[in-house]
Amino acid sequence: MATVELRFSALPEHVRTARLVAAAVARRAGVDEAVLDEVRLAVGEACSRAVGLHQNSGISAPVKVALIEEEKQFSIEVGDEAPHAAPDGSGAAQDGETDVEEDEMGLAVISGLVDDVEVSTGQDGGLIRMTWPTTPPAAVVL
Amino acid sequence: MDLSLSTETVGDRTVVRVGGEIDVYTAPKLREQLVELVNDGNFHLVVDMEGVDFLDSTGLGVLVGGLKRVRAHEGSLRLVCNQERILKIFRITGLTKVFPIHTSVEEAVQATD
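Protein sequences, first through last, are from chains A and B.
Residues 1 to 142 (the working numbering) make up the first sequence, in order.
Residues 1001 to 1113 (the working numbering) make up the second sequence, in order.
All clues given are correct.
Straight line, CA to CA, 20 Å or less: simulated EDC-like cross-link-like pairs of lysine to aspartate or glutamate:
#1 B/K1029 to A/E13
#2 B/K1088 to A/D32
#3 B/K1029 to B/D1002
#4 B/K1088 to A/D116
#5 B/K1088 to A/D37
#6 B/K1068 to B/E1036
#7 B/K1088 to B/D1053
#8 B/K1029 to B/D1053
#9 B/K1068 to A/E104
#10 B/K1068 to B/D1113
#11 A/K72 to A/D115
#12 A/K64 to A/D124
#13 B/K1068 to B/D1012
#14 B/K1029 to B/D1040
#15 B/K1097 to B/E1074
#16 A/K72 to A/D32
#17 B/K1088 to A/D115
#18 B/K1088 to A/E104
#19 B/K1088 to A/E33
#20 B/K1097 to B/E1107
#21 B/K1029 to B/E1050
#22 A/K64 to A/E5
#23 B/K1097 to B/D1113
#24 B/K1097 to A/E104
#25 A/K72 to A/E118
#26 A/K64 to A/E118
#27 A/K64 to A/E81
To spell it out: a stretch of chain B is covered by chain A in this simulated footprint if at least three of its residues, at any positions, have a beta carbon under 8 Å from a beta carbon of chain A; those stretches are:
#28 1022 to 1035
#29 1054 to 1060
Hints are computed from structural coordinates only; laboratory data are not their basis.
We put the CB at the ideal spot given by N, CA and C, even for glycine.
Using the sequences and the hints given, assemble the complete structure.
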């Protein structure tokens, strides 16, 4: 069960909102302050990629973001509904070369930033799951 | 925060001061600015990133596009950046090898190689 779920229309102006919400929930979950910049950047990259995929495929469905607080870890899942090309490359690739390059650059940034990342794709869409360790909350100070 | 852009001519260099967040929403404005400068004959650009709070791969793509444009006219595109969190993005994407990155506008304006 996600701690916070977010659905937004696939528009570039909403990516910033997703970044801000993700960083706020990550902070609350106990993700180290020093890592919050990385969380913000990684979730922004994943959302930008999803927005681009929806726009290029003419999909009106929203982009989904799940912010999941678990014991000792915090995960973010960004899901799109764009049909992805099969790994053998036989799928219909409608993207222009630039889009493909930007898509790859976004994934390159995510893999450079996040140690624990899983990218899965299928006919019904793709999912990027990124996980960070959390530190137990300090004693409550009143 | 939105993106702020201002330009200034220093000798044969054009300094573009960027402030705010460069992301998938605001990057097209930066792209337009760089394209306009090159179309107007400004081929030696210095992009001052000291006021940038956030940069993503879309912004990197725009900077690479700017570099391609000025290079087509034997020009240059130099960056000014001291912020570790922004520099880190250039490092993990290997773009520190592509862009000359300076610590001050003065240094970038005087650089010749």
